[in-house]
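Protein chains: 2
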Amino acid sequence: MSRSIFPAAGPAAADAGSGTLPHPFDAAVALQERGEGRFGGQPHPGWHNMVGPFGGITAATVLQAVLRHPARLGDPVSLTVNYLSAVQDAPFEVEVTPVRTNRSTQHWTATMTQAGEGGAAEPVLTATLVTALRRPTWGATDMPMPEVPAPESAGERVRFKGAAWVSRYDMRVVQGGLPTVLDDSGDGSLTRLWLRDAQARPLDFPALAALADAFYPRAWLRRARLVPAGTVSFTVYFHADAAALATVGDGWLLGQAQAQRFSNNFADQTGQLWSQAGELLVTTHQWAYYKE
Amino acid sequence: MSRSIFPAAGPAAADAGSGTLPHPFDAAVALQERGEGRFGGQPHPGWHNMVGPFGGITAATVLQAVLRHPARLGDPVSLTVNYLSAVQDAPFEVEVTPVRTNRSTQHWTATMTQAGEGGAAEPVLTATLVTALRRPTWGATDMPMPEVPAPESAGERVRFKGAAWVSRYDMRVVQGGLPTVLDDSGDGSLTRLWLRDAQARPLDFPALAALADAFYPRAWLRRARLVPAGTVSFTVYFHADAAALATVGDGWLLGQAQAQRFSNNFADQTGQLWSQAGELLVTTHQWAYYKE
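Line by line, the protein sequences give chains A and B.
For the first sequence, the working numbering gives the first residue as 1, with consecutive numbering after it.
For the second sequence, the working numbering gives the first residue as 1, with consecutive numbering after it.
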């Protein structure tokens, strides 16, 4: 396929005529509808990671495409995104397909493509998502929010020069920050931190998906060494419904992440996001590649 | 598509001419190769659940199709299976596609179809999988096996008349068995049990995928009430490589599963499988629908 199927799209296009700059998150997930479940977009420089865009913003963009699909039923309840290769700083296309619509659940597949060598469209991401109409039921929480100092008493705001996306969030580490002495002396993989948008924005499902990926590689902490590492597969379960998100607004979230095992190039991460009021909004899991 | 694209396939076909009955697991994951990544199969009556086949055996069947694909690179490292609707007791076709092959990782998508009303092929499952060539690296385990009584000292073997697949395993509950008094009095969602094949069989990746789904719905335990429930999305991360599986052979595994939250029709489950020697083989997550 010729490279011309990937016309420019991005913050400038999204903002055309609005007169005010959109929030950096909205700019990043802006998509051009092309019909039949296809949407064009472009990585936003404000969300760059060390190689390609922050994985969380890419996952959010895929979810945004589902939310904009005219056949969508209900709100997001789960997503799994697999990163096939680094997303290039070039136009992409997301295609989302409602493969099965039941009475109260709807199953989606998604693919993101970019022009590869020679101009042919190459897949860089695959995903499956579920949306659903939810009804009030019996409920219970078996993972209470840990007792931690309030955001105002937590550490200083996290800065990380190598990755622009870190500046999009206000993150205050409570436990398990990025090691400052890299001497292979790490002994645990648990991080707890408060986080929210640096520029206030009411929480929605795509934003929550991105926030669920805001933890740096567990291997860096566990080993106290910045080995090459990247997410291979990323899953988010949305316990929160739209009403719960509205209650949170632009408030702080408490994030927690921990690995269970590192072995022969791969490690897992299991995590949670609570509202400051202690509601468990999201549980999340990922599978990461690492070297050395 | 006409129903004739789903010819009979199953234990009888797989066993033709061998002279001995295959192990029930091998019979269940037997597939007829149809070329271009397509494989035909049939649910095995020995693995029936209350509605359709046990989800774990269905996931194992999809993984088996990947393992039989001639272009496969390396061993399984992760899989996510989404259950779109109950699998019918009728022929199915699995199609697996290597969407991207990198130097050491390979990404797959998969779809299972069955003939729907009018005979057209309808998707009943979608999946993404990753296989990889693994190399020895630094490693660590942050989720040690809990201290529990040995299998011989654990409870009696689990029996459950409503689901044939339960008899395929020898399961001995240590904690959190199926409630015997169903009175809404549950107060936790943690189950720990020893499990292995009832008919001994050396552990392989598809078997491990099935075992990771061997926990009954967390909502039944947490609430002490057998509400309608079913898995929507199921993820397995394979920490164990082929050498680790060979070490386990047909030995006992310790399984652990727990929910983090139940809310408005959906609940998560996070789980682990260790070898009896204490090696963490698998971490697993699922997202389940429940009513009431």
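If you're looking for bench data, these hints aren't it; they were derived computationally from the structure.
Bear in mind that the values here come from a model prediction, so they are computed numbers and not experimental data.
Careful: at least some of the hints might be erroneous.
A pair counts as met if it fits within one copy or between any two copies, since identical chains are not told apart.
[Claimed, not checked] Straight-line C-alpha distance at most 25 angstroms; calculated SDA-like pairs for lysine to any residue:
id	residue 1	residue 2
1	K291	A200
2	K161	R225
3	K291	H23
4	K161	T141
5	K161	V148
6	K161	G139
7	K291	L226
8	K291	L245
9	K291	P144
10	K161	D204
11	K291	T141
12	K291	T101
13	K291	P202
14	K291	E279
15	K291	M143
16	K291	A244
17	K291	V99
18	K291	L182
19	K291	R103
Taking the hints in turn, this is what the structure says about them:
| no. | hint | result |
| --- | --- | --- |
| 1 | K291 to A200 | neither (37 angstroms within a copy, 36 angstroms between copies) |
| 2 | K161 to R225 | within (17 angstroms within a copy, 52 angstroms between copies) |
| 3 | K291 to H23 | neither (36 angstroms within a copy, 38 angstroms between copies) |
| 4 | K161 to T141 | neither (38 angstroms within a copy, 30 angstroms between copies) |
| 5 | K161 to V148 | neither (27 angstroms within a copy, 47 angstroms between copies) |
| 6 | K161 to G139 | neither (42 angstroms within a copy, 28 angstroms between copies) |
| 7 | K291 to L226 | within (10 angstroms within a copy, 45 angstroms between copies) |
| 8 | K291 to L245 | between (37 angstroms within a copy, 22 angstroms between copies) |
| 9 | K291 to P144 | between (34 angstroms within a copy, 23 angstroms between copies) |
| 10 | K161 to D204 | neither (27 angstroms within a copy, 44 angstroms between copies) |
| 11 | K291 to T141 | between (36 angstroms within a copy, 16 angstroms between copies) |
| 12 | K291 to T101 | between (41 angstroms within a copy, 18 angstroms between copies) |
| 13 | K291 to P202 | neither (38 angstroms within a copy, 30 angstroms between copies) |
| 14 | K291 to E279 | between (36 angstroms within a copy, 21 angstroms between copies) |
| 15 | K291 to M143 | between (32 angstroms within a copy, 21 angstroms between copies) |
| 16 | K291 to A244 | between (39 angstroms within a copy, 20 angstroms between copies) |
| 17 | K291 to V99 | between (36 angstroms within a copy, 23 angstroms between copies) |
| 18 | K291 to L182 | within (16 angstroms within a copy, 49 angstroms between copies) |
| 19 | K291 to R103 | between (45 angstroms within a copy, 14 angstroms between copies) |
Violated hints for the displayed structure, listed by number in ascending order: 1, 3, 4, 5, 6, 10, 13.
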